[in-house]
Amino acid sequence: MCGICGCSQHDEHSHHVHHHDENIIKVEQNILATNQRYAEDNAAAFKRQGVLALNLLSSPGSGKTSLLEKTIMALKNDIPFAVIEGDQYSSRDADRIRRCQVPTEQINTGKTCHLDAHHIAHAADHLQFSNGILMIENVGNLVCPALFALGEAFKIVILSTTEGEDKPLKYQEMFAQADLLLINKIDLLPYLDFNVDNAINYARQLAPQVTILQLSVKTGAGMTDWYHWLQQHWQQLAQTAQSA
Amino acid sequence: MHEMTLCRQIVATVSETIDKHMTPTCVRLAIGKLALVDTESLRFWFPIIAKEQLGASPQLTIDTVAAVACCQDCQHEFTIEQRLSACPNCHSYHYRLCSGDELMIKTVEVE
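Protein sequences, first through last, are from chains A and B.
For the first sequence, the positions run 1 to 244 when my numbering is used.
For the second sequence, the positions run 1001 to 1111 when my numbering is used.
FYI, nobody ran anything at the bench for these hints, they're computed from the structure.
All figures in this text were calculated on a predicted structure; none of them were measured in a lab.
Glycine included, each C-beta is placed from N, C-alpha and C at the ideal position.
Careful: at least some of the hints might be erroneous.
[To be verified] Simulated crosslink set (SDA-like; lysine to any residue; CA at most 20 Å straight-line):
1) B:K1106 <-> B:S1057
2) A:K26 <-> B:E1102
3) A:K70 <-> A:S216
4) B:K1106 <-> B:D1038
5) A:K70 <-> A:C100
6) A:K170 <-> B:K1033
7) A:K218 <-> A:D187
8) A:K26 <-> B:K1106
9) A:K26 <-> B:D1063
10) B:K1106 <-> A:E28
11) A:K218 <-> A:E69
12) A:K111 <-> B:W1045
13) A:K26 <-> B:D1038
14) A:K26 <-> B:A1012
15) A:K26 <-> B:V1065
16) A:K170 <-> A:N201
17) A:K70 <-> A:L169
18) B:K1020 <-> B:Q1009
19) A:K26 <-> B:V1110
20) B:K1106 <-> A:A33
21) B:K1106 <-> B:T1023
22) A:K70 <-> A:D95
23) B:K1033 <-> A:L169
24) A:K170 <-> B:D1063
25) B:K1033 <-> A:Q177
26) A:K111 <-> B:P1047
27) A:K26 <-> B:K1020
[Stated by the list, open to error] Under 8 Å between C-beta atoms, here's a sample of chain B residues computed to sit facing chain A:
28) T1005
29) I1010
30) I1080
31) R1083
32) I1105
33) V1108
[Stated by the list, open to error] Footprint (simulated), chain A over chain B, 3 or more residues, beta carbon under 8 Å:
34) 1026-1036
35) 1093-1104
Chain A on its own, in the form it takes in the complex (with noise of 0.2 Å):
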């Protein structure tokens, strides 16, 4: 019998091969082909520039652009930086971050709930940026963000304590996909009935590899390891640049 349309005559079933291959095209293409198209050449133009891209992700409320205010006031006679602002109204996080004296856009995607390579590249475009550090902060989504590459070099996770120490079993795409996971807001513990090693035990299980640091961006507890893990990415990447 025919697996297409179950009829089980020869003439017919010839007939109907015929039929439907002529009128099958297979296409055997990736639903996010041309988002991953935008990615791979925005990860190309980032390695021209000099551009250490880094992907923020967190549910939102998680501190992101405390921590990256904080961050760039810290670094920014070092590093150079910009960023790229994702939420889906209002330009206040970018306002927050031009504060700082940085070059900062701001994306607003209205109807979606993430930020994707497309959006990335026309920001990267207005932007010129070169040789320094890319911050780009995804909207507050801890679902949808993980299924749009952007070109970024790592993804970095958020979790504040303040969240619950179970959200890497609810989200566990996300957490899965973390290049570093930063727990933030540890000087809450004392408040909370967050347990730390059972947060990082979740992370760990669903991402065996992942670098995690903890830190209060409020009272700059572990601020100094995460400026670190910067510093050591951002030389690594001026070196191979040099040697390039």
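Assemble chain B onto chain A, guided by the hints.
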């Protein structure tokens, strides 16, 4: 929430694939079990976006691809239902996903 975006991509690919005189009647997808896609949401958005951008309402057929992991420590292959899964043989969480994250447009049927 991102299913609307995915539908736009699917419809754009269909539009690029077929000749102008063709009408798409069926689009077949292969979606991995762990592909982070709500297939019901895809089915909701697809006819709306197809009608808007193609002026046609092709049927949408979705084949689900099972998620198969290969343990990096003992090489055992096993089926998983979610990302957070341990190897049933050696209990390691260190595995490589062999299948299950597919987001493929397989075929377009036209008339």
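Verify this for me: three or more residues of the region 1026-1036 of chain B with a beta carbon less than 8 Å from a beta carbon of chain A. Since three or more residues must qualify, the claim that chain A covers the region 1026-1036 of chain B holds, with 3 doing so at under 8 Å.
Take a quick look at whether K111 (chain A) and P1047 (chain B) sit within 20 Å of each other, Cα to Cα. Judged against 20 Å, a Cα distance of about 19 Å means the pair holds.
Just to be careful, I want the Cα atoms of K218 (chain A) and E69 (chain A) compared with a cutoff of 20 Å; is the pair within it? Roughly 11 Å between the alpha carbons, so the hint for K218 (chain A) and E69 (chain A) holds.
Hey, K26 (chain A) versus E1102 (chain B), does the alpha-carbon distance stay inside 20 Å? Status holds; Cα separation ~16 Å.
Hinted contact V1108 (chain B) with chain A - closest CB pair below 8 Å: Result: holds, 5 Å to nearest chain A Cβ.
Taken at face value, is the distance from the CA of D95 (chain A) to the CA of K70 (chain A) at most 20 Å? Judged against 20 Å, a Cα distance of about 15 Å means the pair holds.
Hey, K1020 (chain B) versus Q1009 (chain B), does the alpha-carbon distance stay inside 20 Å? Holds: K1020 (chain B) and Q1009 (chain B) sit about 18 Å apart, inside 20 Å.
Go through the hint on I1010 (chain B) and say holds or violated, using the shortest Cβ distance to chain A against 8 Å. holds, 6 Å
Less than 8 Å between beta-carbons is the criterion; does I1105 (chain B) satisfy it with respect to chain A? Constraint on I1105 (chain B) satisfied, holds at 4 Å.
For a C-alpha distance cap of 20 Å, please report whether K26 (chain A) and V1110 (chain B) respect it. holds, 11 Å
Three residues or more, CB to CB closer than 8 Å: is that satisfied between the region 1093-1104 of chain B and chain A? Holds, because 4 residues of the region 1093-1104 of chain B bring their Cβ atoms closer than 8 Å to Cβ atoms of chain A.
Is K26 (chain A) within 20 Å of K1020 (chain B), Cα to Cα? Roughly 17 Å between the alpha carbons, so the hint for K26 (chain A) and K1020 (chain B) holds.
Violated hints, listed in ascending order, are 13, 17, 24 and 30; each of the other numbered hints is respected by the structure.
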